[in-house]
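Student: Letter by letter, the chains look like this.
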Amino acid sequence: SQLAEENLWALSVHEGESVTVNCSYKTSITALQWYRQKSGEGPAQLILIRSNEREKRNGRLRATLDTSSQSSSLSITATRCEDTAVYFCATDSLTGGGRALIFGTGTTVSVSP
Amino acid sequence: NSKVIQTPRYLVKGQGQKAKMRCIPEKGHPVVFWYQQNKNNEFKFLINFQNQEVLQQIDMTEKRFSAECPSNSPCSLEIQSSEAGDSALYLCASSLQNSGNTLYFGEGSRLIVV
Numbered sequence: 203s204q205l206a207e208e209n210l211w212a213l214s215v216h217e218g219e220s221v222t223v224n225c226s227y228k229t230s231i232t233a234l235q236w237y238r239q240k241s242g243e244g245p246a247q248l249i250l251i252r253s254n255e256r257e258k259r260n261g262r263l264r265a266t267l268d269t270s271s272q273s274s275s276l277s278i279t280a281t282r283c284e285d286t287a288v289y290f291c292a293t294d295s296l297t298g299g300g301r302a303l304i305f306g307t308g309t310t311v312s313v314s315p
Numbered sequence: 132n133s134k135v136i137q138t139p140r141y142l143v144k145g146q147g148q149k150a151k152m153r154c155i156p157e158k159g160h161p162v163v164f165w166y167q168q169n170k171n172n173e174f175k176f177l178i179n180f181q182n183q184e185v186l187q188q189i190d191m192t193e194k195r196f197s198a199e200c201p202s203n204s205p206c207s208l209e210i211q212s213s214e215a216g217d218s219a220l221y222l223c224a225s226s227l228q229n230s231g232n233t234l235y236f237g238e239g240s241r242l243i244v245v
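As they're listed, the protein sequences go chains E and F.
The numbering of the first sequence is the numbering used here, which starts it at 203 and goes up by one.
The numbering of the second sequence is the numbering used here, which starts it at 132 and goes up by one.
Each hint should be verified, as a subset may be incorrect.
Quick list of the computed label-pair ranges, beta carbon to beta carbon [what the hints assert, rightly or not]:
#1 E:GLU217 - F:LYS170: 22 to 30 Å
#2 F:TYR141 - E:THR279: 35 to 43 Å
#3 E:ARG259 - F:SER212: 42 to 50 Å
#4 F:ASN203 - E:SER226: 24 to 32 Å
#5 F:ARG140 - E:GLU255: 33 to 41 Å
#6 F:ILE243 - E:ARG282: 27 to 35 Å
#7 F:LEU227 - E:GLU217: 31 to 39 Å
#8 E:ARG282 - F:PRO201: 20 to 28 Å
By construction, these hints were calculated from the structure, which means they are not laboratory data.
Yeah, the Cβ is synthetic: ideal placement off N, Cα and C, and Gly gets one too.
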């Protein structure tokens, strides 16, 4: 079963608009991370937000975390064509003797001119 | 630009053949992860190492996959007998710690089993 999942498969916006990707998770977490994966590349981390934080910013990116509803959002303002990518949320999962980061299935964001 | 180096970028194997992928983690990162990403973008954790020791691995990895991270050599992931369902992007990532930290990914090795 998915320990983390984004709520929508795909979103399309025009350059300059804002877009928000949502994520829900099912276990208690120590932190939630947002990654972006562009075509032909590996994922790259955008933001890490810890369980005691409610909001984190990184330039045009803003992540929120609501541990009571076990959900997070990633907002991108003033989108650019180069923001076109698949966006994943990921949470730590305690399995066996350690933790492995569990990724959601991703939301594809397409930014058109 | 990825500082985690994965080779080869692509490999095509017949069913039953061995498939081997290599990964050089980012310098100074003691923890290495292998993930399988399918065509639907779904990630499956396979195995992770801290220095040369296996931290955890899933059942599938124990049976048909072998992996190692020898000192002073690239890490490797090998599928002993490839199956069609193994066709995927294999991603290597490194990190400073086993949990709660950023994973730095390579660009992946895309395996096609025909």
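Student: Are the hints correct? Go through all of them and say.
Tutor: So, going through the hints one by one against the coordinates:
Checked against the hint of 22 to 30 Å, the pair GLU217 (chain E) and LYS170 (chain F) passes, with Cβ atoms roughly 28 Å apart. In this structure the supplied range 35 to 43 Å holds for TYR141 (chain F) paired with THR279 (chain E), their Cβ-Cβ distance being about 37 Å. Checking the proposed 42 to 50 Å range against ARG259 (chain E) and SER212 (chain F) shows it holds: the Cβ atoms sit about 48 Å from each other. Checked against the hint of 24 to 32 Å, the pair ASN203 (chain F) and SER226 (chain E) fails, with Cβ atoms roughly 43 Å apart.
At about 37 Å, the CB distance of ARG140 (chain F) to GLU255 (chain E) agrees with the hint of 33 to 41 Å. As the Cβ distance of ILE243 (chain F) to ARG282 (chain E) is approximately 33 Å, the hint placing it in 27 to 35 Å holds. At about 36 Å, the CB distance of LEU227 (chain F) to GLU217 (chain E) agrees with the hint of 31 to 39 Å. Under the hint 20 to 28 Å, the C-beta atoms of ARG282 (chain E) and PRO201 (chain F), about 42 Å apart, miss the expected range.
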